[in-house]
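Dock chain B against chain A, hints included.
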Amino acid sequence: MKSIEELRAIKERNKGDVVSRNEKGVPTVNVHMGTCGIAAGAREVLTAVMDEVKTRNLDQIHIVQSGCPGMCINEPMLTVTIPGEKPYVYIKVTPENAKSIVLRHLINKQPVQEWLLNLDK
Amino acid sequence: MDFYRAHVLICAGTGCSSMESRLLRQNMHEEILKRGLDKEIKVIETGCFGFCNMGPIMVVYPEGTFYCQVQPSDAAQIVEEHLVKGRPVERLLYQHEKESTDTVEMENIEFFKHQKRVALENCGRINPENIEEYIAQDGYFALAQCVNEMKPEEVIDVIKKSGLRGRGGAGFPTGMKWSFAAPVQADQKYVVCNADEGDPGAFMDRSVLEGDPHSVLEAMAIAGYAIGASQGYIYVRAEYPIAVERLKIAIKQAREYGLLGKNIFESGFDFDVDIRLGAGAFVCGEETALLASTEGRRGEPRPRPPFPAVSGLFGKPTVINNVETLANIPKIIRNGWEWFAAMGTEKSKGTKVFALAGKINNIGLIEIPMGTSLRTIIYDIGGGIPKGKKFKAAQTGGPSGGCLTESHLDIPIDYENLTAAGSMMGSGGLIVMDEDTCMVDIARFFLEFTQEESCGKCPPCRIGTKRMLEILDKITSGNGTPEDLTNLETLAETIKDASLCALGQTAPNPVLSTLKHFRHEYEAHIYDKKCPAGVCQALLSYKIDARKCKGCSLCARNCPTEAISGKIKEPYIIDQAKCIKCGECMNRCKFGAVIKE
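Going down the list, the sequences are from chains A and B. First residue of the first sequence? That's 6 in the working numbering, and the numbers climb one at a time after it. First residue of the second sequence? That's 420 in the working numbering, and the numbers climb one at a time after it.
Keep in mind that the hints were calculated from the coordinates and are not lab data. Treat the hints with care, since some could be wrong.
Said to hold, decoys possible - Quick partial rundown of chain A residues pointing at chain B, CB under 7 angstroms, derived from the structure: (1) ILE9; (2) LYS16; (3) ASN113.
To be verified - Taking lysine-lysine and the BS3-like style, the derived pairs with C-alpha atoms no more than 25 angstroms apart in a straight line are: (4) B/LYS750 <-> B/LYS893; (5) A/LYS20 <-> B/LYS458; (6) A/LYS20 <-> B/LYS948; (7) B/LYS935 <-> B/LYS967.
Treat the numbers as computed from the prediction; the structure is a model and nothing was measured. Virtual Cβ for every residue (Gly too), placed ideally from N, Cα, C.
Same shape as in the complex, but just chain A:
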């Protein structure tokens, strides 16, 4: 070990690994993975979200799963929660849409209106 910079580089490299065990209040992507969701392709959506988060090196995001929210017709579904804001529920998500949601909603903070669950419709 030569310098504190070298130490810092190791820390950065591993930060993502321990951050999920420490941080509270980070943006969360929740993929609904009940049997209905999985049958509709939630698994591929989850993998797509993971790929995107990994490629973009976003360590401040939690990816979690939950069960069926009861709107099986709209599966696969995905909920994005940014602390302090109301949750946004996306419906009929495809892997491509999922990648786009990571970029537009989580990074650029612009929810993708046209894919959101709209109860008024």
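For chain B alone, kept in the frame of chain A given last:
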């Protein structure tokens, strides 16, 4: 670095390992592999979470779902339900008696809610066998800061101002200790870590070594820099195989990363650490005996002065610090002394780790800010006393300490208050006793321990504790006489005054403190030949209540000495001459007809 969406942390401390957590880990790996999830879910073995009676423990992040008493056979269900479908397995969630709903997240559990983890911060959170996880948690940054930006005297000053005191028991200010060794001129100085944890029931040092070994190495290097030492030794018991193994791995990794060895951070500072194994003699926790044993001599204490700071290991200036003390050091450097000094009471700063044991629901390891009351520890964190029994006393300081009674439940726990209450902080063993505990028997238990562990060098300890034990044996076997109590007191005072080291000086404490708070129990044993708690076998007799006995003969059939006789459907009788007081009849009786007097 690969990205994992979920981390499954499984406790690999000694407690959970003894409950098949290794097999559980293996099964989890297999199940995850089987479903092709190995690229997205990481299984990590960690140090102790502290909640040992709920082990094996598993925590799933990022949600922080807390599973307890997980069996190896549960692996498939956890992977299928939680990791594939995102549905926590409810039957394995922690359930608190007081709380009606299941508690999912670790931080909401009563046991963890009142704790403040400083020394144990990384235990149960990082993989102790991976130095990079420690670095990711700001590990070794304190060492970098010390050797690059601070003068040795500045380091000592920070530790002094933080108010950190020795966590091994005596509570000597750590910064002060360092400042004694720093100015002594010598060609070689040493830093020794005292990991000879010997109190029955205390295991905080083991947990730190198992769960966060790098924090101890980093702290030893900082101490070395502060006092001018280039070599450190960890004196650890050979009975801690997991701790020793993880320490070896940690030392190897630290050397590979250049965090131990020559020219650390190109500052010109050299420091290395080696392990010395102890054979488990209690007296070797005493610093001069520990040094003798480290040198390869018989583990016996010697009179002080000279203090180790002046003449210690191999006659060179030496600083000896306890594991828990060291685990606090890197955090004090990183967060500043003000942060540390803001926790605790006026004279006792920071936190203290306690090993909760005895008659308490949540047996385990806890860390609380100094000044927390015994009531919070026992009733909130500890979850109260099992079976609704009444609290009687709590022993702190192990065989060197004393007991605290109901009247002490609300005093803020710190070094001074415990001493004033006739006990001591000690290394942090906390044994809770309920109404079924006989205090004379407890005193006898601790004295038996110290008497066996006396090294035999000085007569007051060697002979004195033996005589005291004989008197206690006499009392508990029903042969006590009134003068025994005064003899006990005289002996105790003499042993305290005349013994060479702390082992002898503190050995009479459990007797003195129980005599002070529970003298009536001693008197009941001596005058009435009764053991009020019903523990001392010689003073007990089992009888059958003729009104409750249905004459089923179950007791008679299970009596190992055939002391019970009678006719079916008529009350049975116990022959006191044949009875060996094993209590089997009482355990078997379905009608509560057997009574103990």
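Right, here's what the structure says about each hint:
{"no.": "1", "hint": "ILE9", "result": "holds, 4 angstroms"}
{"no.": "2", "hint": "LYS16", "result": "holds, 5 angstroms"}
{"no.": "3", "hint": "ASN113", "result": "violated, 20 angstroms"}
{"no.": "4", "hint": "B/LYS750 <-> B/LYS893", "result": "violated, 51 angstroms"}
{"no.": "5", "hint": "A/LYS20 <-> B/LYS458", "result": "holds, 18 angstroms"}
{"no.": "6", "hint": "A/LYS20 <-> B/LYS948", "result": "violated, 66 angstroms"}
{"no.": "7", "hint": "B/LYS935 <-> B/LYS967", "result": "violated, 40 angstroms"}
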